[in-house]
Every structure is written in C-alpha cells, then in structure tokens.
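Participant: Here are the chains, one letter per residue:
4 protein chains.
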Amino acid sequence: MFNEEMRFESPIRWAMVGGGRGSEIGHAHRAGAQRDGLFQLVAGAFDIDPARCRDFGTKLGLDPTRAYADYLSMFRLEAARLDGIQAVSIATPNATHYAISKAALEAGLHVICEKPVTFSADEARDLQRRAQAAKRVFGVMYGYAGFPMLHQAREMIRRGDLGDIRVINMQFAHGFHSDEIEKHSPGAQWRMNPAVSGPSFVLGDLGTHTWFLAGMLTGCEVERLCCMRQSFVHSRAPLEDNAHVMLQFKNGAVGTLWASAVNAGSMHQQKIRVVGEKASIEWWDEHPNQLRYEVQGQPAQLLDRGMGYLYNEVPGIATNRIGGGHAEGFFESWANLYHRFGLAMAAADCDDQATLESLWYPDIAAGVEGVRLLECCVESADNGARWVNF
Amino acid sequence: MFNEEMRFESPIRWAMVGGGRGSEIGHAHRAGAQRDGLFQLVAGAFDIDPARCRDFGTKLGLDPTRAYADYLSMFRLEAARLDGIQAVSIATPNATHYAISKAALEAGLHVICEKPVTFSADEARDLQRRAQAAKRVFGVMYGYAGFPMLHQAREMIRRGDLGDIRVINMQFAHGFHSDEIEKHSPGAQWRMNPAVSGPSFVLGDLGTHTWFLAGMLTGCEVERLCCMRQSFVHSRAPLEDNAHVMLQFKNGAVGTLWASAVNAGSMHQQKIRVVGEKASIEWWDEHPNQLRYEVQGQPAQLLDRGMGYLYNEVPGIATNRIGGGHAEGFFESWANLYHRFGLAMAAADCDDQATLESLWYPDIAAGVEGVRLLECCVESADNGARWVNF
Amino acid sequence: MFNEEMRFESPIRWAMVGGGRGSEIGHAHRAGAQRDGLFQLVAGAFDIDPARCRDFGTKLGLDPTRAYADYLSMFRLEAARLDGIQAVSIATPNATHYAISKAALEAGLHVICEKPVTFSADEARDLQRRAQAAKRVFGVMYGYAGFPMLHQAREMIRRGDLGDIRVINMQFAHGFHSDEIEKHSPGAQWRMNPAVSGPSFVLGDLGTHTWFLAGMLTGCEVERLCCMRQSFVHSRAPLEDNAHVMLQFKNGAVGTLWASAVNAGSMHQQKIRVVGEKASIEWWDEHPNQLRYEVQGQPAQLLDRGMGYLYNEVPGIATNRIGGGHAEGFFESWANLYHRFGLAMAAADCDDQATLESLWYPDIAAGVEGVRLLECCVESADNGARWVNF
Amino acid sequence: MFNEEMRFESPIRWAMVGGGRGSEIGHAHRAGAQRDGLFQLVAGAFDIDPARCRDFGTKLGLDPTRAYADYLSMFRLEAARLDGIQAVSIATPNATHYAISKAALEAGLHVICEKPVTFSADEARDLQRRAQAAKRVFGVMYGYAGFPMLHQAREMIRRGDLGDIRVINMQFAHGFHSDEIEKHSPGAQWRMNPAVSGPSFVLGDLGTHTWFLAGMLTGCEVERLCCMRQSFVHSRAPLEDNAHVMLQFKNGAVGTLWASAVNAGSMHQQKIRVVGEKASIEWWDEHPNQLRYEVQGQPAQLLDRGMGYLYNEVPGIATNRIGGGHAEGFFESWANLYHRFGLAMAAADCDDQATLESLWYPDIAAGVEGVRLLECCVESADNGARWVNF
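Residue numbers (the numbering used here), protein chains in the order written: chain A, 1 to 390; chain B, 391 to 780; chain C, 781 to 1170; chain D, 1171 to 1560.
I should point out that these hints are in silico values taken from the structure, not numbers from a laboratory.
Each hint can be trusted.
DSS-like, lysine-lysine: derived pairs with alpha carbons at most 30 Å apart:
#1 Lys492/B x Lys449/B
#2 Lys882/C x Lys915/C
#3 Lys839/C x Lys1229/D
#4 Lys1420/D x Lys1441/D
#5 Lys135/A x Lys102/A
#6 Lys640/B x Lys963/C
#7 Lys102/A x Lys59/A
#8 Lys59/A x Lys525/B
#9 Lys278/A x Lys1353/D
#10 Lys250/A x Lys1353/D
#11 Lys915/C x Lys1229/D
#12 Lys1030/C x Lys661/B
#13 Lys271/A x Lys1420/D
#14 Lys1448/D x Lys183/A
Input sequences plus hints: build the corresponding full structure.
Facilitator: In structure tokens, the structure reads:
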C-alpha cells in the first residue's frame, strides 16, 4: 500500500513554466506534484501574458510577486531568495524545452520537462551532460509510466515469465484530429507548426509515449527501423497526422508502432502487446488497472491492480492508493511519477547515490532516446520509408 | 472543464475522526478533501491509540497538539481556538457514527460521515433534524456519486431519453470474503460484529452504495421490497455476506439488488442497469469513464467521459479534470464530492440559500434513506423474506 | 473432435409438425437434425394451410404426398407405410404441444418437442409416463444445452472446482418487445394470448431456457421461490413481459432469474453466473465459445472452446466441429442436441439401456420441471409475489 | 432472412480431393457445401491411402466405387458416368493445388480450391485463363468472406459512411505454433516444408485471409509494400512463423498486416480496422456477429447481425439463418459462400451472364491477387525488407 506518511517535513519548493489558465497538462502537473506532500507550488511563469500569469498564480494561492512574467526572471529572482525554488516543471510548447531546461539547470534547479525534451538528439544529449555535471535530477514526463500494472508487466518480463521477447506491437491512435480542428482550436495550432512543435507531430506527441513504455517493459533496444508518415489533412504537411513504424530489435525481436491523430472515432487506443516465446501481455491505457496475460496453452488471464497475486515486493506495483476493484487513473500515474521525482531530488540534494541508483524514473536518458526515435523516423519517412539504423 | 482556480482564499479548516494509519478510507478522505484547495487538514482524532494518533498526525504535517486523543477533546479544544476546525469527516466503525455526528453538530461543525450514518432510521432522522436546526452541511460519503458519467446518466433519464423507467437492476458483489478472512484481518473483523457494524454487513457496506446511485439516477421511490440474506460463512451470522432484494417502486418500476462479499473471484462488479421504455443505460464502477446506452432498435452506444456529445451544460458532467480517453478514477469521484461539500459549506456559512438549493450532493436525507433500506431489508429477511412496505 | 463418420447407415426417418414457411425455429430444427446424417426429413405437417404445407414441403424436396394437411393424418398414414416416419419434432404454438405429443407417442414415434411442453405439470407428467411406457425417446428442445462450454462448466462443478454452490444468477432479457410490436407482427401475436401461449410469456419463452441450463450445470434443486411479473405493455396482461424470481435451493444456495422482453436495446443477454465457495463461472449465449472462470484470489480466466486444457475426456466438451478460435454458434448447439437425440433413439430402438443411461440430453423429465417452474412462478406472482414451495 | 426453400431440384453432384479422415477443413467443406441442398457429395479422392479413402467415403455414405484412389482416376471415371460429378473442392496441401485444379478444369468441372491456389502468380493466372476459357466457376475458399457483418461493413464503405479510406490495419495472429509443435503433429509438418507449403507459412496460411477481406471491404489496391518475416522457431526457416507488412495503397491509404503463429496465448485475433476520414469500423472473427462502428465525435456503436438498422436490402447482409442475438459462426460463413458458389455454378451451366455478374464470391482473380501478395512479401522480406511495387 501507498504510504501517506512518507512526506517531507519541508516539501520541495517548486515552480512551473507554462501550464497556465486553460492548460490541461498544467493542471495534471500541479495535481500530480502536490498529491503527496513532496512538492509545493511557490512560483510560476505560467503564461506569456504577464497579467494573466499573475492573476492565475494568485488564484492558485501564490504570492503575486512570485508569478513571473518570464522564466528567466523567475530563475534569477528565485535564486536570490533564501526560500527560492528548488525544482521546476516545464510544460511549454516543444520549441522552448531546450532553452528553458538549460537555463533551469544553470540556475541549479531540478527539472521535470514535457516530452519531446528537444528538437534534436544533440540538444537532448547536451541537457543530459549538463544535468549530470550539475548533479541535478532531470525527469521527463512520460506520464503513463506510473501505472502499477505496467510495473507488474515489467517485472514479469524481467523474471522470464514470457520467455524471450519476440514481438512488440505498440499503438497510440486517437481520432480527435480527423478534421482540421486546428483552424478553430488555438491549443491544437502550435502542434502543427514545425517551428514550434518540431520535426514531427503524432510521433512526438503520441508515439514516444508508447515507445518509452515498451522500452521500460522489455529493455529491448532498437537496431533499425522503417517509418512511413502521412498528412491526411494536407495543410499539416510536413508534419504527419499518422505514422506507422516497423522495428527490428538487437535481440532479434521485431515490432510495430502506430501513432495517429486521425483514427476516426477512437479515444486513445494506446495499447502495448509484448509477445514472448511462452506468453504475451497486453495493456491499454484507457483501462489501466488491468493487464491481460496469455500463456500459450492456458486460459487467458486478466490481472487486476491491487491483488495479492502480483509481484508486490517490487516498488511501483504495490503503491496502490486504494484497494483493487476501485479504479485508479491518470492522476495516480502522474502522482506516482512525481513521487519518484521527489525522492530522487531529495537523494540528489544529499548526494545519496545508493538511493538514486535504486530509484527508477523516466530520466533525461529516456528523453534522449525519445528524440533519437523521432530523428530516425523522420529520416526514414522523408527518404521513401527506407530502413534507418538506430 | 474543471476550474482549478475556483479555490477558497482560506481553505475550510478540516479534521478527521478515524481514518488513521493503515486506513484506506482515511487516505481517500484526505486525498479527496485536499485535492482542490477547498479543505485543509488541521486536526484529527485518527486513532483510539493517542500516541499512534499523534505520531500519525505529525507525519501528515499537523501541529502535534492538534492530533487529539479523542473526538470529544478535539471538538472542545478546537472550539476554543480562533483558527479552530470548521468541518469534520467521520471514518470510524458504524457503531460510533451517530454519537460522533451528534457531537460534531453540537460543536457547530459541518459533518461528512461514512455510510451507513447510523444503526437506526430514527437516529438518522435525529441527525437530519439537528443539521437543519444548526444550518450545518451534513454530507454522507456515497463516494461513487461524483463520477461524471453517472451525472450524464441522471440527466439522460431526467430529459426522458429512456422514457418511463421500467426496471432497475443493481449489484455490488465482490468475492473478497469468500473465506473467513476476518480470522486474520483485523480490518475486516468489526464488519462482522453486529455491535460495531450494525444490523447488516453487505447490504450496508455495499448495497447502500448502489441503491443510492440508482435513486440519484432515476428518482424512483421504493414502495415495498422483499429480501433474503445468508451467511455463507456461518460464523458471520446473524450478519449476511450475501443478499438479494426484489423491489417494487411507486411508479410501477421493479428491480433487484444483489449485494455480496462471497462472489468468488470478482473484484467489485458494482453495476447499475436502468431500463426504460425506449432505452437502457448501464454503468460499471470498475470502468467508470464509460456509459453504455442502448436504444431499442439501434446499435448499442458506448459514451465516454469528456466528450462533446454529453450534456456538458449540466454541472457534474463537464467537471473533467483531464480530457476524454485518459482514465479518471475513484479519487476524482471523491474529489468531486468534496468539492461540492466545500461549496455547500461556504454557502451555508453565509446563509446563501440559492446556492445551497442549486447544489446537489449526498446529504443526510440520503443517509436516512440508506438506513431505512437496511431496516426494511433486515425486517424482510428475518421474517422469511416476506414483503415489507418501505 | 467431432466424428463425422459416426453416421447411421439408414438415417432416422423424421417429420415435423409446424415450423413451416417463415418459421425461424422450423429452419433451426431442420438444420440441426440433418447436420450429421442421423435424421432425414421425409414428411411434415408444417402448416395449418394444406396448400402452403404441400408447396413448402415440395420445395424442401419431400414427396408431395408426404406433406400432410394435419398431424393426425400424418401419423396415421405414415404408420401404414413400410418406410414411415420414426420420429417427429413439434414446433407449433404451446397450446398444441400436449395433444400432438400424445398422439405421436400413441403412434409409436420418438418425439422432440419445443418448450414449454405443456400448459400444466400434470399434462407434462402424463407425457412422461406415456413415453416411458412406450419406451420412446422424448426430447425437449432446450436448444442452448448443446454448447460445449456449458458441458465444460457442468464438469467443473461436478468435480468440485467451484466448491459448494452458493449463488446462481440467471437472466435472459432482450428488448425486442419494448413496444407493442405484436400489433404488426403475427409471429409475435400468439405469444401474448394465454389461450395459445399458456399461463406465461417471458418466463416460458425465455426464463425456462436459462433455468434449465442452471440445473444442468449445478444439479441444484429449488426448494421455494418468489416471483413478481409485470405487463409493461398493458395490453399483454395477464401475460408478463418482464419477471424477476428469487430462488432458494435445497442445498442452501440462492439465486435470481430475470426474464424480460422489454430490456430495451438488448439483444439476448442470456447469462448464467454460478458462484461457489472457491470460484465462479459465467457464460453468455451471445459469445458461447468462451467461459469466464474466476477463482478467488487468482486472476480471472477466460476459457475457450476447443482447447487442450478443457476436460476433453467428457462427452459434450470435445465434440468440436472446428478448432478453437473459430466461432461455433447456435446451429452447432442444436446439431449437438439432435445428435444426442438420434443416438438415444437408436439405442431405444434396440432397447440398449446402457447407452440410454450414459447419454445425457434434455428429456421429458426436464420438460416437466420447466412446466413446474412456470406453475410456481405464476402462482407466486399472482398472489402478491408470495413465496411458493417448489 | 435466409430462404431455405431456395434449393435445387437436383443438387450439384460434388466431390472432394483431400479432406479425408481427421481433416478439420475437409469437414468444413462438407458441412458448408451440403447445408442448403445445393450440393451433394457423391464422390471423393479423400486420401493418399486408397483403403482409408474407401473406408472413409463409405462411412460418409458414398457408393464405395466412387471413393477413388487418386484424383486423376476420379476425374476420368466420373466423366464417363451420366451422373458424374459436376464440381470438385480441393483441400490438399498447397503444392498440389495447381495440378489438381488444372486437371479438374480440363475435366470440365467447376472448382473450389483452398488458398493459396498456387505457388506462383503465373500458375494462378494460368488457372484463371483456363477457367474463363472453360466457362467454369473457380471459387477460392476465403472462408471468412461469408459473414454477414463483413458485407455490412463493405456496404457502409461503398456508401461513403466512413468517407475516404485512410488506414487499413489487419492482423491474424495466433499462438498455436509458439513451440515446435510440428515435431509431434503431422498435420502441422507439411506447412513448414517449402516444397509442400510454398514460399511462405503464416503469410499464406493466415495473412492472405485478412488481406482478402480488407480488399473485399474497401476495394483499395496496393501500390507497394515492405515486409519483414522471421522464423522464431529456427527449424522453420526459410518459412516464417511471424511477419509484419507495411502497405501503401493507390488511393493514398496506408496500412499494416501482422500474420503470426507465435502470438503466444492468442486464439485467432483476426481483426480488421478500416479508418476513414469520418469514421472507422472494426471486425473480429472470434466474435463475428458484431461490428464496431466509430464515428468521430459520436459515441462508439456496436452493430449486431440480424438487426433492422443494417443495410438489409444488400445480398449477403440479410441472409441470416437465425435472428439477431443468436450466435452464427464459422459454419454459416462457409455455407453462405458455398451457397454463392452453387448459384454461380448453376448460372454458369446455363450461361446466365447477368446472374454471374451480380453474384459476388471469392473467385480465381482473388486467388491470383493472394498469390501476388505472397510473392511480393517474400521478395521484400528476403531482400532486407525493402519496398516492392505490387
């Protein structure tokens, strides 16, 4: 069971860049971070409009002077305070991730950044080097990675319950952009603009999530891949609203990834199926408390979160906040990740390497890999869907 | 969308009785109440062991002097403070609900109480009168009532999308007590003891939830009912671990209710199906973001939370905390209810009747009805399952 | 695997009463009976209109002289032939079942009759006595009883995989009569007419099916029951279009049965859930190749027809006509039953008692029980839903 | 509704090559062909062992002299009879399809052949030319193509309910060969032998089915494709037990195809999802009576076979053999196809071109396309999974 008493005497003083009024993802960060008493929001540069930022921050209970007009001011002025921020979460459009993250690390802050962390793998590696040098935690918000049943799946694979991995099929394919909704939805507009969104749309927005989860589950490393991408709504070109990828892994496994925003009529359909020589598992983010487990020659099994038959001695599986049968959801996954970020930051602050090494969380290395995936996919797709070494 | 900015400048000062270390439901109350900045935990009588209470309260960040040895001390000493508590949630075994609630109302506090609120309908009505006289909010923790898709279902019925209601089938039937687990589980023991749990086990623990939801959805009032109950684990007698009820409603509708803790192998299986002359709806608490809607002569439809086709102008439907496709869960339902409790308390404090009347939440009247259900069921079951007028 | 070679050198010469042009159930009988080469349709009194009967029979390939104007003529004239019929299936409205069955037995024929076999249990017992005296097979067309996964369920219960049975919940509740469709559907009209349909509508038409299956699975015998029934379409009174039954079994188990034709928007929803002290099973006729098996404390399991982990040594389980994964359906269940009827008739014809005793099929004893259920339910419902001993 | 009276006065005299004792597919052919009185089995060369063939044929009720030792004898001797066979179904290992089909056409017979019809597209085109010249019907046994809900899907796409087609995802991926079961299963052995099975295993055995259905539904034509295939059980090389294909269609649509026999723990998982600009449909062969229909911005819909809201004026949709709610299965699909084959043969025999043109069925042209798919996939996979024009 989740231990509510595992709190910090003084929560980590925390700020956000972006995620202001009307931002769904901003709310997700605040709800996740503050769930367990490990983080407290004390500052923010939530908005490019300073007045709106101040109004919003005040409504959230901040000292108005700590609702800043821009992130550089925030980092500078907070650094001058005894009670200044210790960590920052970045929930801005993709184009700005690199610069803000770099500035945050330079300001001595722990960083939690939305994915994709940068436009290029070089930039991502640069952030990785900087974070290591500064001994700061750099978390990447692969927000689905906190679901307990994924940690169960990961442990099952680690223990060999599936045998050698043969096939990994991934998809995250919704239908919300079947039409050109960006005409009327400002929130959707920047994602179609390569200058702001980066070299890809659905691969970066959706595909990297599922890709990250597959790596987390299996540890399989890609050897080469082949990608085709399309802009079914033509005005989105060169950014794709649909992409299919075929992958070959170093261990001989193969797989596919389907990312789409034009899967008409679908909600998320984020699913991962891992096929081993003995058994398969399948997980679906819309019903995240269940894990389907199919052993060849046996009846298919449906595992439920919170049950005694899970590998509950493994951190991440038994951190249920409520008993099995009750539905946990998206916010619990985020809170579980922020919980891990908080523990890592506390360990980093006292240079506790043992704890740091024992703590799994989506880190900047994972961020680098995600950007590499996008680079390879774009290179493949833009060259006739040819095979590209990873 | 949920409005994160709708916070109180000064959150309601709030305490708990019960719900201490190891209590899952205690955690649910704290997580729900503090989600939106409307409540702040400042005191508690969490435990019958004063030292453990103090330790636990301190770990949660309370001033140690406000972790009280008993609820009477808490009510008395807090009343003497300028910054004393304004509201209290009661998460103790059933036998104590009446006395604690009464004392809380006498101390001028708003009350949120676990169900069943009392052992007898007379006691429940007494609490109802006292709350009215004191102009205090009395919420009852029917914790599933905050799910948006239930409010969608309620509105569909209200608008006549189903036509006249004909059949209401309800069930909440898990299998976790198929064996005599109370031998080894202290948390389960008190529920089997009529002196502590009251005259029923699964009807009170499970059945009242679904029953309350059905009433919330349809507004149908019971005319008479017939109940059979069993103690399949014999040591539980006279308390039932399984019960079936047949019901006749005043409008001519009929229905059934199955409550069970011996439905071997099941998780929750809390489901409600409402059948109207034109269409039916079905909801399942383990997958609460969906609502099945079946119009006679048309393909069955699956409605999803967060979508534009819902009756989003109705409070309670559009209060999504995250977009459709993402899974919301149990904690969001509780937070949604505490949100309503908070708004009601603020309105009561300034005697704002208009707001109070516009705000739906599970109140003491609902608590009274729940206890009446139990009384009638027990009377029926203990008299050969004969029909009893409600 | 099903053995296609297990055919009779000379198929049983077989006729039908009723089931003529436009009759869905007539087609089901012919398709089921003739599937395996055990029966051959050689005569029929399909229709009350002699010309239409002759035309229909001819179209089906009969000798026109063996398409009879009425069943009495058929029984008399066929008896006079050396190659006369040996068995007859009766698919007429309920009111005529008794007389036709009686005449068929008197003519020395094996009988397969639609359910309910008679209006009264006395009549049904009379048929039972006559069949015994004449040493004729009397099958009752509980057409779902041939599904292999039900035989798997039955064997699991017999072997104690579920432990003692505690709860049996049954339902067969479609929505096709939510409106007064009988106004325009002649095929539906007779079912609403007590003179033709008998004392009940949905209990007899639907409820007896599921009830029979539950008895087949568990062997549990009813001690007493309590039934409420309604005519939501008022013109159907006194016949019910919806009924709920609560049951107490002799072994201490309890259960419910919901039969309805006004479950708006539903297809069949014929489901049986059997709860034991260790595990539960659930089966649904719309997806008959699967069986859900839930052991308390273990992941839920989904068993599939045709798999090696089933109790394949038991007749009825391994009689797959196609491998697992492929969908078998309604017609295979009927063919499986007719197969058993055919084997029983062959055994009866040579007085092979050993085979007869080893062969399970829905027989007249089951027919008697079905009629008793209806009698008890009607007695209960028409007396204020009071409890009635079975 | 299916019209049982639509029979031939004299059923088509029909034989089989292959499909003898123990052959599941042989039984499927016989059950499908003889279901509706259009075909009658009168001869066969079921087995390479003449004695076993004769014994088997006799058990099925054939004249022993018409259970032939080999297909050439059968074709020759039957041609000499006045009542000789008119049509033959070929259910032998792949390597023999071409020669037997050619001989059958030369003998003036209508042919129904298992897929893949030949090893090479050239051979398949040769059969196509021969069938055209001889004016004989040549059906290919894509046995899933008879399911009514697929015809509903096809008609929805044809009418534009989905808008332009964007994505077609296909899979047929079971797990029955996760281990090297061919060591002990003679029936599985030939499929792993390229000399008997042809240049592919799962692409030919499984993938062509789903590929054919997708073409039947959408009419989309492949422009180019890219395929990777593996032999996870190494002894199967060069034949693949797993393959993934990416496809680009001439109309701009894209898609994927996953064929596997090592999808551990799965039954069939044959699924097709067609995504259009407005809506998507999804069909699954294990639950073939349902079709999921998802319109962007509306609740997902579940369509059921047999319902009035389907496009029942279209042949193939309304040919239900039993009402909605009841499960139809694999055998009904085969019977529906054989029904069409029978009508086509009758039309061909009287040179009725109008009927022939109005009758859709899987013909030799479809067989040619299936073989071309295999050729292209193998060429791609065996050249580093490069793109190949179709």
